[in-house]
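Peer 1: Sequence:
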Amino acid sequence: MVERATAWTVTGVALLAAALGVSACGPPPMTLGTTQVRTLPGQGKATAPSRTVGAMASPTAAGPTSVVPTYGRMRGVPHGADPASTAAKQALQRLYSQPLKWQACPPLQNGKSVNPQLKAQCAWVEVPLDYAKPEGKTIKLLTAKVPATDQANRLGTIFFNPGGPGGSGVDSLLNGIPVSAEAAKRFDVVGFDPRGIGKSAPVTCGDHPSAPINTWPRNEREVRRLVRDSKGYARECGKLSGAMLPYVGTVNVAKDLDLLRSVFGDVKLTYLGQSYGTRIGALYLERFGPQTGRMVLDGMDNPGENPVESRLGQVKGFEGVFRTYLRWCANQPGCATGKDPEEGYNRVVRMVGNLRDHLLPAQSGRKLGVSDAVIGIIATLYSRNSWPILNRALTNMSKGDGVVMLRLADLYAGRDFQTGRPKNNSGAASVAVTCADDAGLKSLAEVRAAVERFKKVSPLFGEQTAWGLLQCGVWPYQTTQRPEPVNAPGAPPTVIVSFTNDPTTPISNARSVHDMLAGSSLVTRQGEGHIAYATGDFCVNRAVDNYLIAGRQPAEQTTC
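Numbering (mature numbering (1 follows the signal peptide of the UniProt record, and there is no 0)) for the sequence shown: -24 to -1, 1 to 536.
Keep in mind that the hints were calculated from the coordinates and are not lab data.
Glycine is no exception: its CB is placed at the ideal position from the N, C-alpha and C atoms.
Just so you know, not all the hints are guaranteed correct.
Unchecked claim - Here are the simulated EDC-like pairs of lysine to aspartate or glutamate, each with C-alpha atoms no more than 16 angstroms apart in a straight line:
1) K88 <-> D392
2) K95 <-> D164
3) K65 <-> E111
4) K292 <-> E428
5) K116 <-> E102
6) K431 <-> E295
7) K65 <-> D106
8) K343 <-> D377
9) K399 <-> D183
10) K432 <-> E285
11) K343 <-> D392
12) K113 <-> E102
Said to hold, decoys possible - Per label pair, the in silico range of CB-to-CB distance:
13) G208 <-> W100: 33 to 39 angstroms
14) R211 <-> G310: 42 to 48 angstroms
15) N330 <-> K109: 52 to 58 angstroms
16) G314 <-> V433: 22 to 28 angstroms
17) D126 <-> P459: 40 to 46 angstroms
18) R200 <-> F514: 52 to 58 angstroms
19) G341 <-> G241: 51 to 57 angstroms
20) E428 <-> G503: 29 to 35 angstroms
21) R397 <-> N282: 29 to 35 angstroms
22) N330 <-> G503: 30 to 36 angstroms
23) N330 <-> P465: 53 to 59 angstroms
24) N282 <-> G466: 23 to 29 angstroms
25) G466 <-> D316: 52 to 58 angstroms
Working from the sequences, and respecting the hints, build out all of it.
Peer 2: Below is the structure:
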């Protein structure tokens, strides 16, 4: 199953290169003061000047019309979270006003210690399990803060989510600051593990080792096995995490974000959402417009799309970027797919298809099957910097060696190389959140129809992605949530950022949400990639930093 909108970019490429011993192209992170930031080479030029928006012009402005965050406690619970009863209001007010108790951050999910140069601190924040009953059971969310490097000129806090769903905001932040050097000087950056994810009341579906899965079934027997596997996974998730599954949807995460805003002392929220994190931001805008300050949505997920159209958009994105890779590879020495991109595509489809009958040997006695081969290819499409790694993986596959491709899939899915067991709960959380947001397709016939439609768009990526739609239909918790267009009248101006050729959140998403959000700006970066801000483009960084730091909104359409 392909995640809805995964933020797998700079950190992912670095992990691939380190794990596989391959040199990744592009600028490495650099150290500025005590904070890890990414280099920002001059590249590109904005096509139109920026504009200053009302109260955003003053970096110290306060009051209900200011888009710049001011600091101090919220007085009362905002309307977007307001429960009905007096007891509920009092309970929620207590949670909105709770003190932060700072402590050393726990080790990262990969077992590594936190870099002391970051000067990071962590704190647990208590939130209601069910916002309809805030006086009832609560859970705790883990948060991490990396302080601004220029505290004398600090502007406030940027809250950050790296995407997924299933991504740990704490680990992502502590692995590499997600903002530019200039923004890192002026803002504390706060990451959090959303409910059900990482260390925040995590959902689990067991720690069984991965096994080769045939997601290209050829007959009814293979379809029945795929259905049986999906139902078995759902039963295990329900058995281990059933009490949590109804409460991990994005609406609740948006409500948690507003509670975090208050607890951290910000009257207005400043937020950077990447990939799926843009969905959190969009739903926050709908419910907490008056509490919103500045919001950057990078790699746009479209909350208004149904699961079929959303996944089909991903398939088109992966297909397009993979074909661009084939054209690039055709001009490189030692290209695994040869000089003819079309024949190279067909060669890869045949190699993957052969895995239905002939699994390839990989590390520690494990085998590479269809599902992991497709996932491994996908893992390398988020950045051109990882294309040499994809070439190596395909070269090895052509020689009967599945080690590199399976390692790519393991890295993307958060699994241990040797055992195939999950190292974190990102996979389980991804399914749980996705199925809490929309129940998906209810019948096998609907899934079959999607399979045929998707295969026509992409023989390589379509079938596996379409069969992934099966999972929410057999999920133990059937949500009533349905996709709806973003409706946030009166929300402050927002900046949406996108690559022109994004493999997993296509630019059509960004354009659609830009049309939904009156007064928003769309900043596009030419080329292939996923997450355009703070990943090496001066033009994009300038546009976003001017907005975050000085309140100068980019032109409505800005191209870098």
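Peer 1: Now, for every hint given, state plainly whether the structure supports it.
Peer 2: Now for the hints, and whether the structure bears them out:
1. K88 <-> D392: At roughly 14 angstroms apart (the allowed maximum being 16 angstroms), D392 and K88 satisfy the hint.
2. K95 <-> D164: Holds: K95 and D164 sit about 11 angstroms apart, inside 16 angstroms.
3. K65 <-> E111: holds (8 angstroms)
4. K292 <-> E428: Roughly 14 angstroms between the alpha carbons, so the hint for K292 and E428 holds.
5. K116 <-> E102: Status holds; Cα separation ~4 angstroms.
6. K431 <-> E295: Distance ~11 angstroms between K431 and E295 Cα, so the pair holds.
7. K65 <-> D106: holds (13 angstroms)
8. K343 <-> D377: Given pair K343, D377 holds - Cα atoms ~10 angstroms apart, limit 16 angstroms.
9. K399 <-> D183: Since the Cα atoms of K399 and D183 sit roughly 8 angstroms apart, the hinted pair holds (cutoff 16 angstroms).
10. K432 <-> E285: Within the cut-off at roughly 14 angstroms; holds.
11. K343 <-> D392: Distance ~14 angstroms between K343 and D392 Cα, so the pair holds.
12. K113 <-> E102: At roughly 10 angstroms apart (the allowed maximum being 16 angstroms), E102 and K113 satisfy the hint.
13. G208 <-> W100: 33 to 39 angstroms: holds (34 angstroms)
14. R211 <-> G310: 42 to 48 angstroms: holds (46 angstroms)
15. N330 <-> K109: 52 to 58 angstroms: Cβ of N330 to Cβ of K109: about 54 angstroms, so the range 52 to 58 angstroms holds.
16. G314 <-> V433: 22 to 28 angstroms: holds (24 angstroms)
17. D126 <-> P459: 40 to 46 angstroms: Given a distance of about 42 angstroms, which is inside 40 to 46 angstroms, the answer is holds.
18. R200 <-> F514: 52 to 58 angstroms: 54 angstroms Cβ-Cβ, so the 52 to 58 angstroms window holds.
19. G341 <-> G241: 51 to 57 angstroms: For G341 and G241 the Cβ distance comes to about 53 angstroms; the hint holds.
20. E428 <-> G503: 29 to 35 angstroms: holds (32 angstroms)
21. R397 <-> N282: 29 to 35 angstroms: holds (33 angstroms)
22. N330 <-> G503: 30 to 36 angstroms: Cβ of N330 to Cβ of G503: about 33 angstroms, so the range 30 to 36 angstroms holds.
23. N330 <-> P465: 53 to 59 angstroms: Holds, since N330 and P465 (Cβ atoms, about 54 angstroms apart) stay within the stated range.
24. N282 <-> G466: 23 to 29 angstroms: Distance hint for N282, G466 holds at roughly 27 angstroms.
25. G466 <-> D316: 52 to 58 angstroms: Hint holds: Cβ distance 55 angstroms, inside 52 to 58 angstroms.
The earlier numbered hints are all upheld by this structure, with none contradicted.
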